[in-house]
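There are 2 protein chains.
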Amino acid sequence: MTMNNIEKFLKNSNLEYPLLVMDLSKVSDSYKKLKKAFPYYKIYYAVKANPAKEILNCLKNQGSYFDVSSKNEINLCLSESIDPSFLSFGNTVKKEKDILWAYKKGIKLFAFDSIEELNKIEKNAKNAQVFCRLQVPNQGANWPLSKKFGCSKEMAKKLLIEAKKKNLSPVGVSFHVGSQQTNINRWVESLKLCFDVYSYLKENNIFLDFINIGGGIPVNYFDFNFDLKIFSKKLNMEIKNIFGDAPINFILEPGRFLVAEAGVIESEVILVSKKNNKDKKRWVYLDIGRFGGLAETESEAIRYKITTVNNNSECSPVNIAGPSCDGADIIYEKYNYQLPKNLKSGDRVRFHSAGAYTSVYVSDFNGLQRLREYFIE
Amino acid sequence: MTMNNIEKFLKNSNLEYPLLVMDLSKVSDSYKKLKKAFPYYKIYYAVKANPAKEILNCLKNQGSYFDVSSKNEINLCLSESIDPSFLSFGNTVKKEKDILWAYKKGIKLFAFDSIEELNKIEKNAKNAQVFCRLQVPNQGANWPLSKKFGCSKEMAKKLLIEAKKKNLSPVGVSFHVGSQQTNINRWVESLKLCFDVYSYLKENNIFLDFINIGGGIPVNYFDFNFDLKIFSKKLNMEIKNIFGDAPINFILEPGRFLVAEAGVIESEVILVSKKNNKDKKRWVYLDIGRFGGLAETESEAIRYKITTVNNNSECSPVNIAGPSCDGADIIYEKYNYQLPKNLKSGDRVRFHSAGAYTSVYVSDFNGLQRLREYFIE
Chain Y
1 MTMNNIEKFL KNSNLEYPLL VMDLSKVSDS YKKLKKAFPY YKIYYAVKAN
51 PAKEILNCLK NQGSYFDVSS KNEINLCLSE SIDPSFLSFG NTVKKEKDIL
101 WAYKKGIKLF AFDSIEELNK IEKNAKNAQV FCRLQVPNQG ANWPLSKKFG
151 CSKEMAKKLL IEAKKKNLSP VGVSFHVGSQ QTNINRWVES LKLCFDVYSY
201 LKENNIFLDF INIGGGIPVN YFDFNFDLKI FSKKLNMEIK NIFGDAPINF
251 ILEPGRFLVA EAGVIESEVI LVSKKNNKDK KRWVYLDIGR FGGLAETESE
301 AIRYKITTVN NNSECSPVNI AGPSCDGADI IYEKYNYQLP KNLKSGDRVR
351 FHSAGAYTSV YVSDFNGLQR LREYFIE
Chain S
1 MTMNNIEKFL KNSNLEYPLL VMDLSKVSDS YKKLKKAFPY YKIYYAVKAN
51 PAKEILNCLK NQGSYFDVSS KNEINLCLSE SIDPSFLSFG NTVKKEKDIL
101 WAYKKGIKLF AFDSIEELNK IEKNAKNAQV FCRLQVPNQG ANWPLSKKFG
151 CSKEMAKKLL IEAKKKNLSP VGVSFHVGSQ QTNINRWVES LKLCFDVYSY
201 LKENNIFLDF INIGGGIPVN YFDFNFDLKI FSKKLNMEIK NIFGDAPINF
251 ILEPGRFLVA EAGVIESEVI LVSKKNNKDK KRWVYLDIGR FGGLAETESE
301 AIRYKITTVN NNSECSPVNI AGPSCDGADI IYEKYNYQLP KNLKSGDRVR
351 FHSAGAYTSV YVSDFNGLQR LREYFIE
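Chains Y and S, in that order, are what the protein sequence lines are. Position 41, counted from 1, in the first sequence is what our numbering calls 41; the numbers after and before it change by one each time, with no gaps. Position 277, counted from 1, in the second sequence is what our numbering calls 277; the numbers after and before it change by one each time, with no gaps.
Rather than coming from a laboratory, the hints here were simulated on the basis of the structure. Treat the numbers as computed from the prediction; the structure is a model and nothing was measured. One or more of the hints may lead you astray.
[Unchecked claim] Below, simulated DMTMM-like cross-link-like pairs (lysine to aspartate or glutamate); rule was C-alpha separation at most 25 Å, straight line:
(1) LYS123(S) x ASP347(Y)
(2) LYS281(Y) x GLU154(S)
(3) LYS275(S) x GLU162(Y)
(4) LYS274(S) x GLU300(S)
(5) LYS36(S) x GLU54(S)
(6) LYS274(Y) x GLU189(S)
(7) LYS341(Y) x GLU162(S)
(8) LYS71(Y) x ASP364(Y)
(9) LYS147(Y) x GLU298(S)
(10) LYS164(Y) x GLU96(Y)
(11) LYS53(S) x GLU7(S)
(12) LYS147(Y) x ASP347(S)
(13) LYS105(Y) x GLU16(S)
(14) LYS229(Y) x ASP245(Y)
(15) LYS71(Y) x ASP364(S)
Using the sequences provided together with the hints, build the complete structure.
This is the structure in structure tokens:
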């Protein structure tokens, strides 16, 4: 790896661990790359991935829109002077009072996937624009979305027609193929469902404005290399095949893709030990674990690339665990991680591509030191 | 269920959801019950289960000792005027600077399970008392501790002798059978390992002061009824069989047992929906989920008893999910929960025996409303 800004910062820092350093220039770079790959798409950053105001401002300056899920996320955006017309209230599960509050703040665009949610929007956000989320296949995602969100295409058709009757403005359909989706076919299958809904509505004189193809674009972790250019070329071609010249816009809702690779977590080794003298695998205990930010290592779903600092010695297999007294706080046990044989307490390890879905999961469990976040440009 | 203090509080409250109400009189009751069942044991409350100062004070007044895992947990206890001699630094994974800090604060008792940890204690806490944690079988625990903690009995023997050479005071051995352990045989097997270590050390002129039998005593959730009297009678008999009249003390480290049944979480239903018209199972979305406090529903490990408020209508099967935009934020999908057919948004549901390992896991993920904690006496 070449020495980059983050490494320079970490080398010269004398800070307490664990910490997350975010390179904002990399956030801008990722935004630009995505915009280049999908030039005619509106990009709505999924704020939940990392809602730091530095990131919101960085993306605002790039012209980004924002996908928000709660009153607090909306407040964060508004307090950074992001115009409410740039926000999409994308959670299909909203309290009535929050819909009303958001509507009064100027939010115009709301997601739904059920009749009860549509009724709540009708009551609290008159004439609002609404889009319906479809349930789509998720296989192939490292962090799938299961059946929690979306409805069938048949239900979506009925609900969007119902929206029109309620004097709401049915403007789109959305889907999400699951975070870190590695199979392009999931997008293609989902887009076909969207086209079916789009066509049906057109026949019923409802003209959708957009298809929201969600997030899920992978980033590079330990064992996966992703080429955005190849991916976008293929996907744009498929979209062309499915939608032809239909007058429809497209929306992307990336979270991970925009911020993951901009972040590095540096953590201190607290202990290296064996359970008995015959053990071939050592246990390495860090000052960050599943309840301190590494929630996505649940079931070893997201496998970060891990490096050590100032240590190029020979490696051997390890289990890696967090610092809490919870037996479930194991980071990697099944997957084949290796770390230097002479690693010891006080040494440091780095988790790469750790800018998304880490700082947001921090809890105070066990009273352990919280992950601190630093920003460089 | 009879109307109790918590229900009275919730009935008359006009608070924002989600909330956790803790009945401190029930915490005292559980302490007294445990003391009655194990009259000669020292009880060290595992602070991590719920570190609220109201609970620490309540247990301090009962004469409890405290098992702490971090600098923050120690600070919490000290700030409630708990004497440092009542604290056991039970985490086997400690930073050197935290060992030194704790030692200076007056902590005398430290856990370890490896040579590296023992070296750190020797360096930073001269002449301290140390106890070695054994790795024991965990099968049968709903929330197991895996192989993350403890060492083999052979290693423990060597390490305790080594501790003596380092001028530390080897005072005990400990184990933990896993949280919510439903099989008494796990304690029996573990106690036999302890006796083996105890006897070996005795032959080497090291006389241990205590066996710490950890926590793991179950509480009553959805589908489990536990009788402390029967359990303690059996266990005390087994201990008598194994240890005879050996001059040794016993320590218990309960967390869940002391506080779980004292707490009820009340949550608001945000949405009830179906994914398509053929679905037999509804989805119920609550304002609390896995990242807002219900972390132990991971893989549906802990199954809370759930009731609805003011709704006795007929029930039918449901999936229950949290409010965040994370597909992994599902509470129960596989297990057979049923809720009233006419349940709707705005209704409330209660999670019983929710006073342990809930508030401690709260994160700010998705900017959702944090769980608030209230205390009644």
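| query | Hints broken by the structure, by number, lowest first? | reply | No hint contradicted; all consistent.
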